[in-house]
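J.: Protein chains in written order, with the numbering used here: chain A, 1 to 417; chain B, 1 to 417.
There are no misleading hints in this set.
In this list, chains with the same sequence are indistinguishable; a pair is considered to hold if it fits within one copy or across any two.
Calculated lysine to aspartate or glutamate pairs in the EDC-like style (CA-CA distance at most 16 Å, straight line):
hint, residue 1, residue 2
1, Lys-299, Asp-242
2, Lys-382, Glu-149
3, Lys-187, Glu-247
4, Lys-382, Glu-142
Please keep in mind that the hints were generated in silico from the structure rather than gathered at the bench.
Keep in mind it's a predicted model, so treat the numbers as computed, not measured.
Each chain, written out:
Number of protein chains: 2
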Amino acid sequence: MRCSMADFLTLQPVAALLEKIRALSPVADETVALDSALGRVLAFPFLAPEDVPGFSRSTMDGFAVRAKDSFGASEGAPALLECIGECPMGRRSELAVNPGQAARIWTGGMLPANADAVIMLEYSRQAGEALVEFTRPVAPLENVIQKGEDAGEGEILLPAGRVLRPQEIGLLAALGQKTVSVRRKPKVAVISSGDEIVPVDARPAPGQVRDINSYTLTTLVRTAGGESRSFGIAGDDENDLDARMREALGWADVLLLSGGSSAGRRDYTLKAFSRFPDVAILAHGVAISPGKPLIMARKGTQMLWGLPGHAASALVCAEVFIRPLLRRLLGQEEPAVDAAIVHAVLSRPVPSVQGRRDYIRVLLVPPAEAGGLPVARPVLGKSGLITTLVEANALVVCHEDLEGFAEGEIVAAHLLF
Amino acid sequence: MRCSMADFLTLQPVAALLEKIRALSPVADETVALDSALGRVLAFPFLAPEDVPGFSRSTMDGFAVRAKDSFGASEGAPALLECIGECPMGRRSELAVNPGQAARIWTGGMLPANADAVIMLEYSRQAGEALVEFTRPVAPLENVIQKGEDAGEGEILLPAGRVLRPQEIGLLAALGQKTVSVRRKPKVAVISSGDEIVPVDARPAPGQVRDINSYTLTTLVRTAGGESRSFGIAGDDENDLDARMREALGWADVLLLSGGSSAGRRDYTLKAFSRFPDVAILAHGVAISPGKPLIMARKGTQMLWGLPGHAASALVCAEVFIRPLLRRLLGQEEPAVDAAIVHAVLSRPVPSVQGRRDYIRVLLVPPAEAGGLPVARPVLGKSGLITTLVEANALVVCHEDLEGFAEGEIVAAHLLF
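Here chain A stands alone, though its shape is the one from the complex (with noise of 0.2 Å):
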């Protein structure tokens, strides 16, 4: 049996996996300070507790005034009111404003009584020692944002599933909010696997390699929102990687395990799967490339990965399962446009084949020609190469139905950040 022949998978399209992935709950949500709750997601929609403003306001430095005593006004035929002081900064002003008469104010400041209008200070002179001329007409309520009118009491202003960045945190301090409900960070498990592989610190033996997949998995998954942690190196041994195994799944939501998926190894990942009660594997190839041998698998609400041990394909894999998956999992909702995507020109052509999904590394440089697309130039070289790891800033996705790209097609490309 040594020299024995591979069997052959039974290839899942890339959809049914994002399908099964679609399918399931968010994690719970916990209770996060406000200040450390950049990047999280929300959890539930979010309502104004109060009318926003709470009082009448300027939103500009000028004069508040009665709009009816500057109709009329013009450069030719100023309005000639009475300036009866300033209006304080964050506290209701004493003065109240009677016909012909303003008041100073500045950006944000409350309006004093009576007034219903700001003149911006432009248009504005000063006539005398508590004398202004005004040469253009307000409207009523022009440069005055009124109680409530920013949103009212109980107004959903943040849905579910929001990702938090300055501006909604901005947004949730102005309501007064020092804390929010997020999701919790799924926490994601990642496992290194083959006798080949040395921690990072060693010095690797002839036919001996690092550990890359753990730093590049983790690091990945941190990205993506999620907690990560590594759980090691298991060599080709049972009991050492069912021992890794069940600490990661006493940890984690997610494993991933990355090596003994090549297509001579598979039944390694599939077997310590398999060996674990409640396991029930969903997929076990899938007609994408690089990754085909792929499996997805399933243990209560856990979900178990075995992912290519080559670096370049397990972050592959990880772009177009993982990060999906940890989007879902956060309950993250879908950006009205794919900041992601970058359409781009093809510098060669690309060969595919049908009924596979193809993911090609790209690195995108600029346009030939000023206000030209920029150019997608496929990464090549031999698959084991470390160095090409770097190389591609995108991802060109080659749909099922194509048998691959021209040179200068036009493709869509997924930015690897």
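Since the structure of chain A is provided, determine the placement of chain B on it from the hints.
T.: Just chain B now, with coordinates in the frame of chain A:
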């Protein structure tokens, strides 16, 4: 004087400030553990410390052979070789492949003595207990990576200034780097000012608003690779502000003071900066909207910025000036293609003023018809509204020589992450 008029600013072009930023020097380097180096910026070029790979190895699952033995092989006339065993993973094989022989090998395995190529499993057929037929020839070195082929010792593998993605972390792991030299994170202090500003957990009295900028600016700095710290809220009180600024400048590389720079109050920030010894005002007023009264100053190697008090305006100015400032302080390389630029169709006309650079906040939404460009909808609304803060997902730049954009015009939108 209580009704005094604004004096006029000498407006500098946006490009002049960016030029001053480009003239700054990067911050110092520090050494961090590889598994916490994600997103950090490489301080020095990284050279291959050894030949990569350190041994010749297979890139396929198959059989190690002497290529010559396969010449002429075809489906009809396969080459018949003796299978002498299997090459182990992770160590040197004891096998030597003599003429007429083949050895089973896995992807990544070290080539046995005398073998110079690998025939893929797919082109092999078992033909007896220890006999294998091959239906295709291979050339010498086919499916093999030779020692040193990936990179020779001393070759530059990563340039200084590279942001470390999972891929770069993987490359460094492959080459045995447990630690890596990166630029330290630039330290950015944030102070909000204004008598009307209260902390996020306070219940604002009439005329007061909660502090937004401490949250938006500290988090934006983090997304740009900096370390940030809030030094609280300064009322319109010189002593309090000076004390906070002194504390901030004892720690920070960059100070962001927001508020107090609107037309009526900008003297406040300008005077505050000028009260400190050795402060040079580099710009006071910029031909930009929003953000015209912006102040840029320098105190030795420390940069001081007076930003608008209005949250959306402060964020725009931070995108335009503070993000590039951090890129420069980190010594970050320019990306080959600016991934943050998306072309879109403007949904309505936007007027602008010649001689001023306008940053228009827009919401990008999917194309009206499949395959078209996304649509950019300007986010309108009075400038004091808080809810519009979260609506935009991109900025459209209207340059100084334009008078605005027409409806349907194609614009470049800079994504806000």
